[in-house]
Each structure stands twice: as structure tokens, then as C-alpha cells.
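2 protein chains.
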Amino acid sequence: MATHHLASWACSLKYSDMPQNVIQAAVRSFYNWAGCAIGGSKHPATTIAHNSLSPFFGPPTASLLGHQGKTKIDAQHAALLNGIASHVHDYDDTHLDTIIHPTGPVASALLAVAEWKGGFSGKDFLLALIVGIEAECKVGLAVWPEHYDVGWHITSTTGSIGAAVAVSKLLGLSISQTTNAIGVAATQVVGLREMFGSHTKSFHPGRAAQSGLMAAVLAEGGYTSSEQALEAKRGWANVVGVTKPGIAADLDKWLGMNAEASEHGVGLFSAGVGRWEILRNSFKPFPCGIVIHPIIDASTQIHGDMKTQGLDAQNIKSVHAKVHPLVLELTGKRKPKDGLEGKFSVFHGAAIGLIYGKGTPSEYEDHVVQDAKVIAIRDKVNAESDKSLGADETIVVATMSDGKILERHVKHAVGSLEVPMDDGMLQRKFVDQCAAVLGDRVQAASEICWDIEYAKDVADVAKLL
Amino acid sequence: MATHHLASWACSLKYSDMPQNVIQAAVRSFYNWAGCAIGGSKHPATTIAHNSLSPFFGPPTASLLGHQGKTKIDAQHAALLNGIASHVHDYDDTHLDTIIHPTGPVASALLAVAEWKGGFSGKDFLLALIVGIEAECKVGLAVWPEHYDVGWHITSTTGSIGAAVAVSKLLGLSISQTTNAIGVAATQVVGLREMFGSHTKSFHPGRAAQSGLMAAVLAEGGYTSSEQALEAKRGWANVVGVTKPGIAADLDKWLGMNAEASEHGVGLFSAGVGRWEILRNSFKPFPCGIVIHPIIDASTQIHGDMKTQGLDAQNIKSVHAKVHPLVLELTGKRKPKDGLEGKFSVFHGAAIGLIYGKGTPSEYEDHVVQDAKVIAIRDKVNAESDKSLGADETIVVATMSDGKILERHVKHAVGSLEVPMDDGMLQRKFVDQCAAVLGDRVQAASEICWDIEYAKDVADVAKLL
Numbered sequence: 001m002a003t004h005h006l007a008s009w010a011c012s013l014k015y016s017d018m019p020q021n022v023i024q025a026a027v028r029s030f031y032n033w034a035g036c037a038i039g040g041s042k043h044p045a046t047t048i049a050h051n052s053l054s055p056f057f058g059p060p061t062a063s064l065l066g067h068q069g070k071t072k073i074d075a076q077h078a079a080l081l082n083g084i085a086s087h088v089h090d091y092d093d094t095h096l097d098t099i100i101h102p103t104g105p106v107a108s109a110l111l112a113v114a115e116w117k118g119g120f121s122g123k124d125f126l127l128a129l130i131v132g133i134e135a136e137c138k139v140g141l142a143v144w145p146e147h148y149d150v151g152w153h154i155t156s157t158t159g160s161i162g163a164a165v166a167v168s169k170l171l172g173l174s175i176s177q178t179t180n181a182i183g184v185a186a187t188q189v190v191g192l193r194e195m196f197g198s199h200t201k202s203f204h205p206g207r208a209a210q211s212g213l214m215a216a217v218l219a220e221g222g223y224t225s226s227e228q229a230l231e232a233k234r235g236w237a238n239v240v241g242v243t244k245p246g247i248a249a250d251l252d253k254w255l256g257m258n259a260e261a262s263e264h265g266v267g268l269f270s271a272g273v274g275r276w277e278i279l280r281n282s283f284k285p286f287p288c289g290i291v292i293h294p295i296i297d298a299s300t301q302i303h304g305d306m307k308t309q310g311l312d313a314q315n316i317k318s319v320h321a322k323v324h325p326l327v328l329e330l331t332g333k334r335k336p337k338d339g340l341e342g343k344f345s346v347f348h349g350a351a352i353g354l355i356y357g358k359g360t361p362s363e364y365e366d367h368v369v370q371d372a373k374v375i376a377i378r379d380k381v382n383a384e385s386d387k388s389l390g391a392d393e394t395i396v397v398a399t400m401s402d403g404k405i406l407e408r409h410v411k412h413a414v415g416s417l418e419v420p421m422d423d424g425m426l427q428r429k430f431v432d433q434c435a436a437v438l439g440d441r442v443q444a445a446s447e448i449c450w451d452i453e454y455a456k457d458v459a460d461v462a463k464l465l
Numbered sequence: 001m002a003t004h005h006l007a008s009w010a011c012s013l014k015y016s017d018m019p020q021n022v023i024q025a026a027v028r029s030f031y032n033w034a035g036c037a038i039g040g041s042k043h044p045a046t047t048i049a050h051n052s053l054s055p056f057f058g059p060p061t062a063s064l065l066g067h068q069g070k071t072k073i074d075a076q077h078a079a080l081l082n083g084i085a086s087h088v089h090d091y092d093d094t095h096l097d098t099i100i101h102p103t104g105p106v107a108s109a110l111l112a113v114a115e116w117k118g119g120f121s122g123k124d125f126l127l128a129l130i131v132g133i134e135a136e137c138k139v140g141l142a143v144w145p146e147h148y149d150v151g152w153h154i155t156s157t158t159g160s161i162g163a164a165v166a167v168s169k170l171l172g173l174s175i176s177q178t179t180n181a182i183g184v185a186a187t188q189v190v191g192l193r194e195m196f197g198s199h200t201k202s203f204h205p206g207r208a209a210q211s212g213l214m215a216a217v218l219a220e221g222g223y224t225s226s227e228q229a230l231e232a233k234r235g236w237a238n239v240v241g242v243t244k245p246g247i248a249a250d251l252d253k254w255l256g257m258n259a260e261a262s263e264h265g266v267g268l269f270s271a272g273v274g275r276w277e278i279l280r281n282s283f284k285p286f287p288c289g290i291v292i293h294p295i296i297d298a299s300t301q302i303h304g305d306m307k308t309q310g311l312d313a314q315n316i317k318s319v320h321a322k323v324h325p326l327v328l329e330l331t332g333k334r335k336p337k338d339g340l341e342g343k344f345s346v347f348h349g350a351a352i353g354l355i356y357g358k359g360t361p362s363e364y365e366d367h368v369v370q371d372a373k374v375i376a377i378r379d380k381v382n383a384e385s386d387k388s389l390g391a392d393e394t395i396v397v398a399t400m401s402d403g404k405i406l407e408r409h410v411k412h413a414v415g416s417l418e419v420p421m422d423d424g425m426l427q428r429k430f431v432d433q434c435a436a437v438l439g440d441r442v443q444a445a446s447e448i449c450w451d452i453e454y455a456k457d458v459a460d461v462a463k464l465l
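So the sequences go chain by chain: A and B. In terms of UniProt numbering, the first sequence has 39 at position 39, counting the first letter as 1, and numbering is strictly consecutive. In terms of UniProt numbering, the second sequence has 274 at position 274, counting the first letter as 1, and numbering is strictly consecutive.
It is worth saying that the hints were derived from the structure and are not from the lab. Check before you lean on any hint, since a few could be wrong.
Claimed, not checked - Just a few of them, taken from the derived set where beta-carbon distance is under 7 Å, the chain A residues facing chain B:
no.	residue
1	Asp74
2	Leu171
3	Ile175
4	Thr200
Where a beta carbon is used, it is the ideal one built from N, C-alpha and C, also for glycine.
With the hints as constraints, model all of the structure from the sequences given.
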């Protein structure tokens, strides 16, 4: 019944069913996504895809973000390209329980459809966005963690389903049509982790957006699929979660409609016991793998301490960090050669925090990673695994050449659920990402995105980005 | 090395490397595919997709088959829609070792690209077609049968890879670009078996064609992916074949370049020991699951016997068939309600063979399945599982009301590798499928397709279909 549950819940949810904090989380998710998509709009992964696929572009009905309304293409390709752009700097949001980056596939599809069709208010848009994000996170929870461990990029494998449910909601499809849309989306399983480190990683959420959009449009037209796409013996969960024992029970748990059976299931919100996954969504202060965030946070704090005390990073003698064991496993690259490799180097993360007091996309440009000054500090950083630390915890000790010691203990890195980025930090991140693309239009774009809830027609928002 | 092997083999193969029987198999595969795609062009699965997606169609550069050049759309959507049409009657070809329907994804992508770009000869086309079909069948063999058993529709999960390799070959991509194309295709794993029985089943080969085409176009533009997309720990084979033990050895076996390591690997043809998978491709005489073919064959032969002896099917008293156990497991539907269900009824298969002496799409139309005359005979058919029979074997005994007994023993059903459809049968199948769509243009279309090898520009062929 999981597929039917999901479809009927999605169809029945009303704006008034959602608490204010859920709506606020959706606004923040959209805002962060828009900044990432604008900021990633000039990356080669985006521009190569744009140029290569331009012979196929259909009627110009949907805007490419970062082009300020000057470039419109068909909605399918807009969903693809905005989805690619939003993920390409590894700077998008993270549902920490599943490490799904939920907004990319859903918002990329939704914004394209909203502009193509026209006439949808900000509230229509946010309702559909929330429905889609809940859908992808709930189905992701049902197959997590084995699904990811095997090698699936869970953002896109669940993202097509989330995008399909969201577009179905926006277009007002029936339960039966939404069920078919889920099926057409579920059968398109995009995303192998082996692609990490190449352009194809960011292709994944883009293609998920496009696949989900297509699924909803086909279902609206009467295209049929299975009514048990998620739970059938040879349906989505059993096939992509084949190594997970007891997956039927997990589907019930996360997609249940019955409060007695589950306290986490979708569709339980009206009973007051449901868990909104969007409230567990987090935002990255730094454009790299989340395991490096604690050390950038601590190093940035030490940068502040040095400034206060009139010290200079050039005078650092050595840096010793204690980190969670995953950090060195995933990001232990000692000598990164370029920006992309820098994202997999905890040592680079420490160096930029200490030198610049920040870790933005600028500090991951190739020339920074290759800068002798940065390399000098990077080589002085030593990291030691400590099993007693949490995944978002670190202790960093910098010893200056005069013997002075600066130490910071970060228990929960900024951007975690415990220490979330506040609205001001999100705005600085937006401006920082988008200024080079939008120029003096950046403040206006920021305001438009913050005010998405009050937009009369979301098409007008898309055009201005 | 599997990915690199496949790419470098594909790039190096020349037309002169291929024996005449391989080229002939490719011509027959193309011919059969074109008939299926034209024959399926008016099916709701095709027309709904066409209508629903038309708002996204780009510049009209590629023809929809069955429209005789009157409908051109962008090449991506042409690949999708022709791919859907070619599979929708379950009448396309079958690589029996993997039950991949290999030509749909590859030819649908290739023909669209050939027409879009223009200037490719029939020989260019056939070379790329063969390269693509070998690619998808070899990677399919590496994950078979566990991959299919888990629930993947192997035609499309391998088809995107085959289409990407084929389009890369046609466009003359380098080994490095072809490797990237394989990666972008491999990361798009489309097709759950749960969708069988709905429109989404035929969406699978169409989407595989489109995904493979897109992969090659992106790779040509410089888009990067993994260089070990197929064999990496979290690459295609390990992820989609996660339940298969020893998959690394199977990749070596089927994608090896070294005759000492394997006698089946791709790229061994020049050493004279390679196995061409296209020579193991078969064609369906009947538009239904292959397990019903023996009983239709035997019943059709009995129809001939009745005719010779002046008997009428109306006077059949009872029919008793011995069949392989899989037949009743997969197609034991006693009372099919419509054409689609009829394809899963061995009893309907016997009835149409006995009454009409054939089993073409006409005999699977709803009104035939619901015809009282057909139902009367169908209800008289009894089938018994017999483990001693082969999967393509049956014994059918019809008892007439006057006590006369007619018996046929089919050891290998027509369409099997042992009793292949000859060229005349393929031509009758083509005409039978396409006459209603093409009218009096059907013979000309048949001739154009047979002569594909000698086409100066394949774009001219596409236009005429």
C-alpha cells in the first residue's frame, strides 16, 4: 500500500495542514537551492550540458537560473540544467538521516513547471515543494543505509520520485495519476556513486528532476504504470534495496498512514504525531563533504582568535586535529591537485579556515588549492582519528612559531541540526555565491527568493533569477 | 578494465572486420525493428507519450516512424517514441541467452542521430548498430541471470549502454569520449519488471535509447564520468548485479580482450574466437511471451491439417497440450479479458492458432480475445506441465467431434535459433504489422529497410518510414 499511501497523502495535503516552522524550512530550502543553482550556473558541468543539449531544446518556457530571464528553454531541459547547477559545487542542502540533498531534484522540476504553466502562487509552490521533499526523504529512509552502501547516489534515486510527486501536486493530478507518476519515476533509477568526482555526479539530481517532471506529465496524459511501484516484489524498494533485510516493514514504517503502525510515516501529520523530514534538512556553510565541516568551523574560529590577538597564519608552526574516523576515510587527500580534489582534503579545509577565516567556493578554486601559501599551511596540518568524537565534532590545536597555542573544540559543526545556519548566514552564502553571476542584481534576487511565500505567480520569480 | 575494453573495441571495429552473416543478422534485426516501430506507432503507449511530451519537442530533425516523414521532432524525443513503439506489441527481437530485446534501444537512438546529423551511409549505420548490440548483450551476460531475477528489465538497463556505444561509434568519438558516454549511460538504470503489463514497460527501451543518445552527445561535448563505470566497486555491474557472486570474473569473461582469458569476450573477433551475440538474436513470429510460441506454432500446423482434411475448428471437441512447466507459470491465464491479458494466456494462443492459423497483433486485439467463438475454443483447451519437454517444445492433440485426432509435436518453435524465421516470414510479419499504418506504401517501406546496407544516407530511409 506504500505507493497508494504516498499518492493519497500527497493529493490531500493542504497548505493549512502545515505548521509555520515547516513552511519556514521550505522557504529556507528553496532560498539555499536558488543560490546554489545560480552560483553553479557557470560551472563547466552546467555549460557543457547546456551547449551539448541545445540542439534539442524545445519552446522557451522556463528560465535557466543565473541568466536573469535572458535564457529560456523548454521546461524539461530547464529542470535538468538547473538541477545540475544546484549540485555542482556540493553546496546544496542535506537531509542528515539519509544524506539526500532533497531540494535539487524537487525544486528544479517544480520551478520549471510553475513557469511553463504559469499562474501558481508562492504558496502553491511551497506546498508542492514540501510534498516532494517529504516523499523523497521517506522513501529514502525506507531503503537507507544499505541502498547507499551498495553504491546508489540516493539523492537522485529518490529524487525522481520526489520530483514526480511534487509536480503531480502542483498540477493537481488525481490519486490514480499520482500513483502512475510515482511508477514512471520509480522505474528511472539514476545515480551510481562511482560517478563522484566527475561531472556526472551533478548530472544525477538534474536528471532526477527531469525524469520526475516527465513522469508527472506522462501520468497526466494517461500513461499507466504499476499501482504498487514502490512495494511490489519486483518494485522499487525491493530492487534498489535488495540487500536490506525487512524492507517491507521499513516501507510501512516510513510510508505508513496508520499512527498505530508507525510514528514516522508520511500522512500522519494530521494526527499530530508525524515527523516532517524537511525539519531535519540542513544547509552547508562550506562547499565540500559534510565530514570536513567541523574542521573548517574550528579553523575559522582560530582564524578569528589569531586576528584578535594580532597573530598571522603565516606564523603557524603546526596544526593537530582530532577527527571522527570517517573524516580521514573519506577526505584524507594529502596533496589535492585542484579544486575538486580539495573538497576531499581535510587538510585543505583546515588551511583555508586558518588563512582566510572562511570556506566558500572561492577557497576551492584551482588557483587557491595550488597556491604555495596555502600548500605551506596545508602541509603543516596533521589529523588523527578519534573514535570518541561525534561525526560533526573536532578538536583543533594550532601551535604558533612563538609557542603560543590556540585551541578550539567544536562539538557540533555549524550547519548541523544542533547549530543550524541562521537566516543571516544563509543570506551571506547566497550573496557570496551569486554576486559574480548576478552583479548588482544579487540583493534583489535574494529578496525575491526570501519572499517566495508571497509571490503571486512563481513564474515572475523564476524570470528574475 | 571492462569499460576501457568495451570503448576501445567499439572505436576500433571496422566494417571489414565483420563476417557477412553478422551483417546479415544486423539487417534482419533492423528490418524487424522497423516493422515493430511502425506497427506500434499508433498504440496508446506511443500516442499518449507523443501528445504529453509535445510541449517539449525541439527542432524537427528526426522522423517518427509510421508517420512517413510527416512528423519530425528533435532526435532525443524521436529516439524515445520510436523506442516505445518498437516494444509495445512485445513483438521485437530477443537475444535468447539474456532475453534482452537488443535492437530497440540501439536502433531507436541511432536512426534518430543519423537523420539529425545526416550523411551516414547504411554501412556506417549497420556497423554502429552491431557495435551497440554487442555492447548491451555482453554487459547483460555479465550480470545475467541474477540481475533479471531481482527485478530489473534487462533490455533497458543494458540498452542505455548499448545505445551510448552505438551513437559514440556513429559520431566517431574517441576512446576517452566513448568511455565517458558509457559512464553517463550506465548511471541511468531504467526499468523495473514490476511495470510489465502497463505502458511503462515499453517506456523502458525508449528511455534507454534516449538516455544512451544523450550520454554520447554529452560525452562528445566534454562531459566527464568515471573511467571504470562498469567494473568499479560501486560501478554498474556491482550495483545492479549485487546479488551475483563473482561478477568481476564475469565482466572479464564477457568484456575481455584477451583470448587466453576468455573465448566469449568482446573484442576477440579479430582473433577468430569471438562470439558475436547478434548471431544469437531471434525474431518473434507471434506478439506475445516466447513461452507460448510452441503452442501457437503447433496449433497453426493443426489448423493447416484441418484445412487439408476439410475440417473446421468449430468442430473441435477438446484440445490437450503438453507444455514446459514455465508455460503455465507465466502464461496460465484461463480467462483473459483483453488483448494485453491474452498475451499471458497459453489457452488463447492455442485457440487463435487453431481458428485463424496465425498469431499476429490482429489476433490479440480486444475484440478477438472477447469473441464468443474464440472463447468457446479457448475453454476447450487443456494444458499439462511436462518437465521432460524443452522450453520451446510442445505436443498438441486436438480431438474433433467425430472422434478424429490431429496431433503435432513441435520440438523447437518457429523463431528459435534452431528454427529461425526465414526472410520470407520476416517480410510477411513486416507487411502484416505495417499495412494498416502505411497503406500502399508498405511494400516500398519493406524494400527500403531490406536494402539498408546500400543506403547512401540513412536519413533518406528514416524519412520514408
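Against the structure, the hints:
| no. | hint | in the structure |
| --- | --- | --- |
| 1 | Asp74 | holds (4 Å) |
| 2 | Leu171 | violated (12 Å) |
| 3 | Ile175 | violated (16 Å) |
| 4 | Thr200 | holds (4 Å) |
In summary, the numbered hints that this structure violates are 2, 3.
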